[in-house]
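Engineer: Protein sequence lines correspond, in order, to chains B and V. First residue of the first sequence: -11, per the numbering used here; consecutive thereafter. First residue of the second sequence: 920, per the numbering used here; consecutive thereafter.
Simulated from the structure, these hints should not be mistaken for laboratory data. Model, not experiment: these values are computed from the prediction. By construction, the Cβ of each residue, glycine as well, lies at the ideal position given by its N, Cα and C atoms. Hints may contain errors.
What the hints assert, rightly or not - Derived DSS-like pairs: lysine-lysine, alpha-carbon spacing no greater than 25 Å straight-line: (1) B/K59 with V/K975; (2) V/K975 with B/K45; (3) V/K986 with B/K59; (4) B/K(-3) with V/K961.
To be verified - Pulled a few chain V residues facing chain B out of the computed Cβ check, cut under 7 Å: (5) K921; (6) K961; (7) M967; (8) T1011; (9) G1012.
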Amino acid sequence: DGGITQSPKYLFRKEGQNVTLSCEQNLNHDAMYWYRQDPGQGLRLIYYSQIVNDFQKGDIAEGYSVSREKKESFPLTVTSAQKNPTAFYLCASSIGGAKNIQYFGAGTRLSVL
Amino acid sequence: QKEVEQDPGPLSVPEGAIVSLNCTYSNSAFQYFMWYRQYSRKGPELLMYTYSSGNKEDGRFTAQVDKSSKYISLFIRDSQPSDSATYLCALTGANSKLTFGKGITLSVRP
């Protein structure tokens, strides 16, 4: 079954703690993306990667970091510098190209303790 | 002016109604137009995508694009309670960046 797997489904962060959200895809897509979704705000792009070992900041990268060591994996770390991390985080992948149709995982809901 | 504007909703309709969901955009460079459906606490799933102006039909769903007016619509015929979800329009421009509308939450009452 091809798809995008995000884990965990729910995550809690303590003050001053870094947490890492996992995203794995077996679609053989080159491009991967991280979005943050807040009520009434739509999807906002955090980081994206079009190829292994390369990634770019999106619109709201501050307080987040990523790595892309393998084609199928694109983990997101929410650092302690992100003061308002409570949100629904979505990972997506795409074959790229002009259409850039993106396919999404089921999301991780992050809350602050 | 935001690049993509979507009616904020929420929208509530009785079962069997025809639903019209709309987005407007300001950048004429947008080339591909998509609609995603997102159920509560799930990731968005692609419903339809179109390239040119005109209509594209898939079952009860019709996507319509009017490039001259910079207006896109999704019509749902014979709406069902299972259609209750948030619908997001998404557009791709010349740089292949995908820009999303904020989404509209639809509720179909039995």
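Engineer: A separate judgement is required for each hint: does it hold in the structure or not?
Structural biologist: Structure-based check of all given hints:
The hinted pair formed by B/K59 and V/K975 fails the criterion: a straight-line CA distance of about 34 Å is larger than 25 Å. For a cut-off of 25 Å, the pair hint linking V/K975 to B/K45 is broken: about 34 Å separates their Cα positions. For the hint linking V/K986 to B/K59, the alpha-carbon distance of about 36 Å lies beyond 25 Å, and the restraint is violated. Distance restraint check for B/K(-3) and V/K961: the Cα-Cα separation of roughly 10 Å lies within the 25 Å cut-off, and the hinted pair is therefore satisfied.
For V/K921, the interface hint is violated, since its Cβ never comes within 7 Å of a Cβ in chain B; the closest pair sits about 10 Å apart. Below 7 Å, beta-carbon pairs count as interface contacts, and V/K961 has one with chain B at about 6 Å; its hint therefore holds. Below 7 Å, beta-carbon pairs count as interface contacts, and V/M967 has none with chain B, the closest being about 11 Å; its hint is therefore violated. For V/T1011, the interface hint holds, the least distance from its beta-carbon to any beta-carbon of chain B being 5 Å, beneath 7 Å.
Violation of the interface hint for V/G1012 is found here, the shortest Cβ-Cβ separation to chain B being roughly 9 Å, above the 7 Å cut-off.
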